[in-house]
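**Q** Protein sequences, first through last, are from chains G and C.
Residue 5 is where the first sequence starts when you use this note's numbering, and the numbers rise one by one after that.
Residue 194 is where the second sequence starts when you use this note's numbering, and the numbers rise one by one after that.
Simulated from the structure, these hints should not be mistaken for laboratory data.
One thing to keep in mind: the hints can contain errors.
[As the list claims (entries may be wrong)] To spell it out: a stretch of chain G is covered by chain C in this simulated footprint if at least three of its residues, at any positions, have a beta carbon under 8 Å from a beta carbon of chain C; those stretches are:
(1) 120–126
(2) 423–432
(3) 441–448
All residues carry an ideal CB built from backbone N, CA and C; glycine is no exception.
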Amino acid sequence: MAVAAKDLTKDYKYGFNDGDEFVFRAERGLSPEVVADISRRKAEPAWMLEFRLKALEHFRQRPMPSWGADLSGIDFDDIYYYVKPAEEQGRTWEEVPEGIKRTFDRLGIPEAERKFLAGVSAQYESEVVYHSIREDLEKLGVLFSDCDTGLREHPEIFRKYFATVIPPNDNKFAALNSAVWSGGSFVYIPKGVRVEIPLQAYFRINTESMGQFERTLIIAEEGSFVHYIEGCTAPTYSKDSLHSAVVEIIAMPNSHVRYTTIQNWSNNVYNLVTKRAIAKEHSVVEWIDGNLGSKVTMKYPSIYLMGEGAHGEVLSVAFAGDGQHQDAGAKIIHVAPNTTSTIVSKSVSKGTGRTSYRGHLKVYPKAHDVRSSVRCDALLLDEQSRSDTYPYMDVEAEDVQIGHEATVTKVGDEQLFYLQSRGISEQEATAMIVNGFMEPFVKELPMEYALELNRLISLQMEGSVG
Amino acid sequence: MSESASVRAQLEVRDLEVAVDGKQILSGVSLTVPQGEVHALMGPNGAGKTSLGYAVMGHPKYKVTGGEIRWKDQSLLGVLPEDRARMGLFLSLQYPTAIPGVTTVNFLRAALKGQGKGLPARDFLKLVREQMTALKMDHSFMSRYINDNFSGGEKKRMEIVQLAVLRPEMAILDETDSGLDVDALRTVAEGVNRVHDDGMGVLIITHYQRILDYIKPDRVHVMAAGRVIVSGGRDLVDRIEKDGYDPMLREAGLDISAATAAAAG
Chain G
5 MAVAAKDLTK DYKYGFNDGD EFVFRAERGL SPEVVADISR RKAEPAWMLE FRLKALEHFR
65 QRPMPSWGAD LSGIDFDDIY YYVKPAEEQG RTWEEVPEGI KRTFDRLGIP EAERKFLAGV
125 SAQYESEVVY HSIREDLEKL GVLFSDCDTG LREHPEIFRK YFATVIPPND NKFAALNSAV
185 WSGGSFVYIP KGVRVEIPLQ AYFRINTESM GQFERTLIIA EEGSFVHYIE GCTAPTYSKD
245 SLHSAVVEII AMPNSHVRYT TIQNWSNNVY NLVTKRAIAK EHSVVEWIDG NLGSKVTMKY
305 PSIYLMGEGA HGEVLSVAFA GDGQHQDAGA KIIHVAPNTT STIVSKSVSK GTGRTSYRGH
365 LKVYPKAHDV RSSVRCDALL LDEQSRSDTY PYMDVEAEDV QIGHEATVTK VGDEQLFYLQ
425 SRGISEQEAT AMIVNGFMEP FVKELPMEYA LELNRLISLQ MEGSVG
Chain C
194 MSESASVRAQ LEVRDLEVAV DGKQILSGVS LTVPQGEVHA LMGPNGAGKT SLGYAVMGHP
254 KYKVTGGEIR WKDQSLLGVL PEDRARMGLF LSLQYPTAIP GVTTVNFLRA ALKGQGKGLP
314 ARDFLKLVRE QMTALKMDHS FMSRYINDNF SGGEKKRMEI VQLAVLRPEM AILDETDSGL
374 DVDALRTVAE GVNRVHDDGM GVLIITHYQR ILDYIKPDRV HVMAAGRVIV SGGRDLVDRI
434 EKDGYDPMLR EAGLDISAAT AAAAG
């Protein structure tokens, strides 16, 4: 099974760039002046400027994480921290600058919006350039905007929850995001409102050496439901870009939040994201996390089960092709009794690709009658590819039921032969086996995304077997 | 022989030698199965029957170190398994492989398409449903993952559903009868016969005469120690039934314990 080196620029469908499309770009590098300038341009209140500057200080003091993936290639002085692509945010696609609109057309966003979404937000570089929400939802009091608008127009809700789940000093990259954040989504679902079809945010990096630092805050009031989906792509450049988001979710009692990510950054993006949810009594939080792109991803969606009867679920897949390292996982903290959680992690490594599962399951002493199951399956496509598992458990309570299962399999010669003996080519057979392996994840996605994911996996497989 | 080859396609195995991981498994197998005929391949455990099936279908672990495999006057050496399938060959496995996440219906669709026999969706589903009914399989199996958590008997019937959907010209059936009760055995045999009646050749690997009561062999080959030691008519089956393999092994000058231990699978 010879593995041909994959020509990334050829296979990655989203690798095109639009040339320079911006109305303002901060100078390269990070300084208190750059941070203050971002805050001033956004006309933010003083407390936010102060928050940003403190976070910057923390970022500077904090060492680079020494565990996990290799981050030595990041040059913080060479990055653009803020690029404003357009003067105004569009409420219709016609209002979006032509070059940017064309990009989102090519990505199929307006079409998806027409067909199956309740609301769309499209972020280009540092700002959301297009945003819409269905009128009926707006009338019910659903708020869906970029985070800057949330701060400006709903300061009381915003300030009550912002940075309460992930404080700036949580980790180095959360500190960086806190200092230079821009865009992202602010979602507020009022009590009892169920948003039955998804809200989607789409993130696009265009500039070389760009840093994108969106900030997302989702508040689901009692008994509400929302499914939020995010997708991301970027052009392929020889120099690296940095994406470092912070996502905070607050799930009030009896609410249900599902957060789906299809991350498909080009293979020159460092994707270092902090995602965390707080789940109150009898609420349900689900992270459905798909990582296909990027050069390096470090992301461990977490759920703090704070209220009795809360349930948390992390379902993730990672696909690491040549040169990629997907260091992903999950973190679930059982603070309250009678809480339950499930972690299912599936990873596929191909060529020199590497996947790691890093999990942390903690049960506090007072959290009795806790049930949790962790399952990690890794699939290796050839001799070179690599997968590691770092499960960490810390159980301080009694009456706890925890199941843990981990498997590593190679694409079996027998499976391949069986499919081939029925007339299916080796390449297609491999893609079928990989898609089959990912099926438990894919079936959780809305159909349009499931088809897209299958297509992306098949694309990743192209030219992989000889 | 050469005259009939030009009239009718045939599977020819000549002096075939095969090694797995450097270990010799087949040491000079010769047999010929013309299209439209049924041949039985019998022999003690470890004689190399399953290995012959794998070698004919092109399993990469079974390396041909000598001899020839020909089908329709073309050498199969170096031909990929998927191309052998496209040329009309089929191998029903003794232990069919499960592929979690791949539904039976998607599996069959991909196989037909792979062989250039793709059908419009409606015709395809109709065909699959008909063949599942014929093999007495519940239609719910269509949306189950292929062979995943199937019972032994269900796997065997699914192999014959595949045979009936794919319609090969030459099928090797490796112990398709094992693990089947009498009713299932008849169902499976009828399924094979329906395709055979349309001209498919069959090489049926079996330990027992049971299935041969339903699928009548034109010729019988007995393998031991990695080669065919006797070929003959149906009477061979009766002889084996009555006396076992020992007399044949002795006639072939084989040490019985060595013959059965010589080759695996």
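**Q** Hints numbered earlier in the text: which of these fail when held up against the supplied structure?
**A** 1
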